[in-house]
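Engineer: Sequence lines, in order, name chains A and B. Mapping the first sequence onto this note's numbering, position 130 (from 1) lands on 130, and the numbers just tick up by one. Mapping the second sequence onto this note's numbering, position 41 (from 1) lands on 1041, and the numbers just tick up by one.
Honestly, the hints are just simulated from the structure, not real lab data. Values in this document were obtained by computation on a predicted structure and should not be read as measured data. By construction, the Cβ of each residue, glycine as well, lies at the ideal position given by its N, Cα and C atoms. Among the clues, some could well be false.
As the list claims (entries may be wrong) - Some chain A residues flagged as far from chain B (calculated, every beta-carbon gap over 12 Å):
(1) G56
(2) S59
(3) D79
(4) W110
(5) V150
Unchecked claim - A short, non-exhaustive set of chain B residues, derived as facing chain A with CB atoms under 10 Å:
(6) Q1133
(7) N1210
(8) G1258
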Amino acid sequence: MMGVLGIGSWSAVSATTYWRHFDHGSDIGIRGVGRTMAEAFEQAAMALTAVICDPGSVSAEEVVEVDSDNPDPELLFVDWIDAVVYQVVTRQMLFSRFRVEMSGDHLHGWLYGEAIDIGRHQPAVEVKGATLTGLEVRRIEGGHWQAQCVVDV
Amino acid sequence: MRADTGRPSALWMSEHAMDTNLLEKHSDWKWVIPARDGMRVPGIIYADEALIRDMDFKVYEQVVNVAKLPGIVNASYAMPDAHWGYGFPIGGVAAFDPLQGGVISAGGVGFDISCGVRTLLTGLRTDQVRASQRDLANALYGAVPAGLGRGGDIHLDDAGLCAMLRGGARWAVEQGWGDESDLDRIEEQGCQSGAQPEAISLLARKRQRNEMGTLGSGNHYLEVQEVSRIHDSEIAEAFGVHQGEIVVTIHCGSRGLGHQVGSEFLKRMAAEAPAHGIHLPDRELACAPLESETGREYLGAMRAATNCALANREIITHLTRQVFASLFPEAVLTLLYDVSHNTCKEEMHDVDGDRRRLFVHRKGATRALGPGHPALPSSLRPWGQPVLIGGSMGTNSHILAGMPESEARSFASACHGAGRAMSRRQAYRQWRGRQLIDDLAERGILIRSTSGRGVAEEAPGAYKDVDRVVDSAENAGLACKVARLTPLITIKG
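Kindly produce the complete structure, drawing on both the sequences and the hints.
Structural biologist: The following block contains the structure:
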């Protein structure tokens, strides 16, 4: 699933599956693009990790599962990002691999990562939560999916 | 790899500066957006022309959008440090009347509910602290958990957490974390009434169990500062602020609990708005009528989260006092004042000759009660409320005092800080954390942080000039300058 990872503004698995950051006046935007909506959600979660640290420094040792339900795909995306944020801060873990399955209004996600090691991961910020600013879940050119929002840090 | 120009998305990063042609200039520090196109009230921005021109056009749009919300009273205000926020501008002030269909907005309070600032007086001279500056920096960094991955030593079960949510700083003092004499110097005497812990989800309560007494990250900090200039010697003397002495300023909020409450109610209010007959020009303006079930629940939850922030700052104060006691046994740290700048408060205000009960949102704005206000403790009442304005890392901060005119001008509100001038990505591209830390050390300012990247994103140059912001606040008649503070030590997440 995962390809090349890198700290900074963006990284790509392929030309059709990638994440990137975008600017907001005081915070930062996360964007995931994939062949399916689920893949776009997975990539956006990678962008979330990259807001905090270099995803390449995080080993996918443990798995945490989350569930969300929302009839609005954009609010479901916000729920998904908030669920990842919640697991980061309550378990004190970072995640470097994500898997999402969607069925109707329901999302089931697998988060793979490890406990935070301050010296190794050097977390730059603690993300407070997803916002509705810049929020989009939509099909883009080529029939691919894009999911994005600004996160509050 | 995909080609990337590094250019921001035009959709979400406004590249437009404020268009002053859209504003009516009423004075050098007051700019008005006349009510039109669905605005129920005008917009008013307090700032000098240079600050206005530096503001993002998004501030204009957000001031206009807030002016369209039901039940808004007088005007939609923006303070001199206003910048692009979520629905509301950061630096926005808006009051709503529940009897006129007024609303309460989760976005209008912000994710970090009751985020705020408190300043402690130490009575120590700068030369005393300079002699132990490195030891003090290291001890504070060790004692006050900051940043992701550094939890505190306090762990609460759900019963303890709910007691904290009802009691605020008063609860912290009762637990032995804080001093009874502090309470008089905290808004609401350290305990916000009307708190409803049961309105806070179990998820939010769980998120906070291990986070009491932690600083957080982003722009939050603990700073040791020198009083480097006195602007108003009479008020400074009354505040106990003396040139050349050391103060400690703490900036943080309600941590994970506040964030969770904000996130949950934002989504709920956005989903329910159509059912309340509210048209949202921007979904981030999500709100609910004050007289609705959701409005009342959010109010109870927000007040409980406010108590969380007040308790958190009280505990961090306790940890700070322990550090000072070990290095400076003679020092007695007294609280000058504690103000929250992400709030919605129920207040009485005169509007066109009528005394009305309003709910005043201050998103990145500080309450600035003028002299004689009954909510002030008797020791401060003749002088006005201390208004604590944080700068950015390595730059000055300021102590101001509420002015009599601020009541009529902005429902007794002033600015809260410098306000960002560039995004985090831009800052990280421009600076390196290690270099910044070394440069500031050469200027006598010690930085302690877990992350060089975090330091770069908070670079002094990434923020507006706070000195200009407070000049505008004073010239606009919102708050008067009392003293300037210059950092010696900054602890950041």
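Engineer: Each hint should be assessed against the structure and marked as holding or not.
Structural biologist: Status of each hint after checking the structure:
For A:G56, the non-interface assignment is confirmed: its Cβ lies about 14 Å from the closest Cβ of chain B, beyond the 12 Å cut-off. Here A:S59 stays apart from chain B, with its beta-carbon at least about 15 Å from theirs, past the 12 Å limit. Not every CB of chain B is more than 12 Å from the CB of A:D79 (nearest about 7 Å), against its label as outside the interface. With a closest Cβ-Cβ approach of about 19 Å to chain B, A:W110 is found to remain outside the 12 Å limit, as its non-interface label requires.
The Cβ of A:V150 does not lie farther than 12 Å from every Cβ of chain B; its closest approach is about 7 Å, which violates its non-interface assignment. Nearest Cβ of chain A to the Cβ of B:Q1133: about 24 Å, over the 10 Å cut. The hint is violated. Interface restraint check for B:N1210: the shortest CB-CB distance to chain A comes to about 8 Å, inside 10 Å, so the restraint holds. At its closest, the beta carbon of B:G1258 sits 8 Å from a beta carbon of chain A; the interface hint therefore holds under the 10 Å criterion.
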